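J.: Counting from 1, position 199 in the sequence shown corresponds to residue 199 in UniProt numbering; the numbering is continuous, with no gaps.
Possibly wrong hints are sitting among the right ones.
Ranges of calculated distance between the beta carbons of each label pair, as one might list FRET restraints [to be verified]:
1. Ser303 / Asn56: 48 to 58 Å
2. Ser124 / Gln328: 19 to 29 Å
3. Asp276 / Asp20: 36 to 46 Å
4. Asp20 / Asp205: 31 to 41 Å
5. Ser323 / Phe86: 40 to 50 Å
6. Ala278 / Phe52: 52 to 62 Å
7. Glu297 / Asp188: 39 to 49 Å
8. Glu216 / Asp92: 41 to 51 Å
9. Asp92 / Gly28: 24 to 34 Å
10. Tyr143 / Phe86: 15 to 25 Å
11. Thr85 / Gly153: 12 to 22 Å
12. Gln68 / Asn331: 44 to 54 Å
Don't read these hints as lab results, they were simulated from the structure.
Just so we're clear, the structure is a prediction, and the values are computed from it rather than from any experiment.
We put the beta carbon where it would ideally sit given N, CA and C, even for glycine.
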Amino acid sequence: MDKQSLYKRLVYQNIENALDELNAEDKGRYYICNCPECNEHEAFIYKNNKNFIQCNRENHCGEQMLLQFQEKKSLDAEIEKIQETFPSLSDDQKEALTWSMRLFSFAKIGLKSDTLDNGYRGLSKENTRKHIVDLQNKEVAEYFFKKTSSLIGKDYSNNSWMCKRNLVFLLYDKNNILDRVLLRSSIDPTLEPKEIQLIMNPSKDTKDFFIEIPEEMKTVVFSESLLDALSFREVDEHCGFIALTGASKTRQVEAYIRENKDAFTDKHILVAMDNDKAGWKATRKLVDTLETEGLDENVSLFSYSDGYKDANEFLQGNRAQFSKSYLQDTNQLQQTKQIENEIPFS
1 MDKQSLYKRL
11 VYQNIENALD
21 ELNAEDKGRY
31 YICNCPECNE
41 HEAFIYKNNK
51 NFIQCNRENH
61 CGEQMLLQFQ
71 EKKSLDAEIE
81 KIQETFPSLS
91 DDQKEALTWS
101 MRLFSFAKIG
111 LKSDTLDNGY
121 RGLSKENTRK
131 HIVDLQNKEV
141 AEYFFKKTSS
151 LIGKDYSNNS
161 WMCKRNLVFL
171 LYDKNNILDR
181 VLLRSSIDPT
191 LEPKEIQLIM
201 NPSKDTKDFF
211 IEIPEEMKTV
221 VFSESLLDAL
231 SFREVDEHCG
241 FIALTGASKT
251 RQVEAYIREN
261 KDAFTDKHIL
271 VAMDNDKAGW
281 KATRKLVDTL
291 ETEGLDENVS
301 LFSYSDGYKD
311 ANEFLQGNRA
321 QFSKSYLQDT
331 NQLQQTKQIE
341 NEIPFS
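When you get a sec, could you build the whole thing from the sequences and use the hints?
T.: So, in structure tokens, the structure goes:
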């Protein structure tokens, strides 16, 4: 009899879903997670055998189970899909893009990050883990740059300055294909410039803004960076956002507003660009576009105080006042619209 037939089998969509559902923690060579049988956080999945889970409570449970995954698409099949979508990519580029997407999908859940899990820039683990991956050290970053050199157009694996940039902000297109990455460092936070952007799909005009606006959300924040947008999520987990990748990059966002203005007609729009000259210029461009599309009655501007220059700095410096400013700005807009709706027509 096949020994594997003696074990109970658990079926998941993929390894990422299994790790998430079992509340897995990265411990280096293995993950410690909830035992599916006794639900105690004492089961192990070893990285060299991700199809097997065993409870460490031998005298109380000790259950051993097999993990099966429904997703069995080969790398070749994924490369073929990218080939159909982006035929101008070379074979090396298609393979590198597919590899990158698999790496980041796994890393969001499967890699331990003391930086992201312990309040990176005042943000909760739940906020950062959805959008940011921690490559952890220079060695992993070197490997990433070597594997993706055909996409990036340059091999940065021997560039110590680049390999210190272990934090990867992931920007996907509307079909969930990786478009570009923004790189920062927690290894050396003094690096300048603080952020480097790399295009991961050279075959097209890649998207240069983050967007997350579920239909049920009533407030949409326009911010100058993903960190600023996630700062608002700290005080209102139900707000939507559009986050630029720099104050000068408003063109694509303006086009998106024009092409999708119906998506904003029932939203409260809070414009929260940085509190500096470049931010004010970006604010003017966005507000002009919103006014042109007849959305100006939905718009309010975020109120900074105490000399803070951006939302994330404000959140870290005075979380209570940041929350108060957000609530005041959004409530004021709601009250104004309510009064307007109550005024009878003459």
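J.: Each hint: holds or not?
T.: Hint check results:
1. Ser303 / Asn56: 48 to 58 Å: For serine 303 and asparagine 56 the Cβ distance comes to about 53 Å; the hint holds.
2. Ser124 / Gln328: 19 to 29 Å: holds, 23 Å
3. Asp276 / Asp20: 36 to 46 Å: Holds, at about 39 Å.
4. Asp20 / Asp205: 31 to 41 Å: holds, 33 Å
5. Ser323 / Phe86: 40 to 50 Å: Taking Cβ atoms as reference, serine 323 and phenylalanine 86 lie about 43 Å apart, which means the hint holds.
6. Ala278 / Phe52: 52 to 62 Å: Cβ of alanine 278 to Cβ of phenylalanine 52: about 53 Å, so the range 52 to 62 Å holds.
7. Glu297 / Asp188: 39 to 49 Å: Because 46 Å falls inside the window, the suggested range holds.
8. Glu216 / Asp92: 41 to 51 Å: Because 42 Å falls inside the window, the suggested range holds.
9. Asp92 / Gly28: 24 to 34 Å: holds, 32 Å
10. Tyr143 / Phe86: 15 to 25 Å: For tyrosine 143 and phenylalanine 86 the Cβ distance comes to about 24 Å; the hint holds.
11. Thr85 / Gly153: 12 to 22 Å: Holds: the Cβ-Cβ distance is about 20 Å, inside 12 to 22 Å.
12. Gln68 / Asn331: 44 to 54 Å: Holds, since glutamine 68 and asparagine 331 (Cβ atoms, about 50 Å apart) stay within the stated range.
Hint compliance for this structure: every hint is met.
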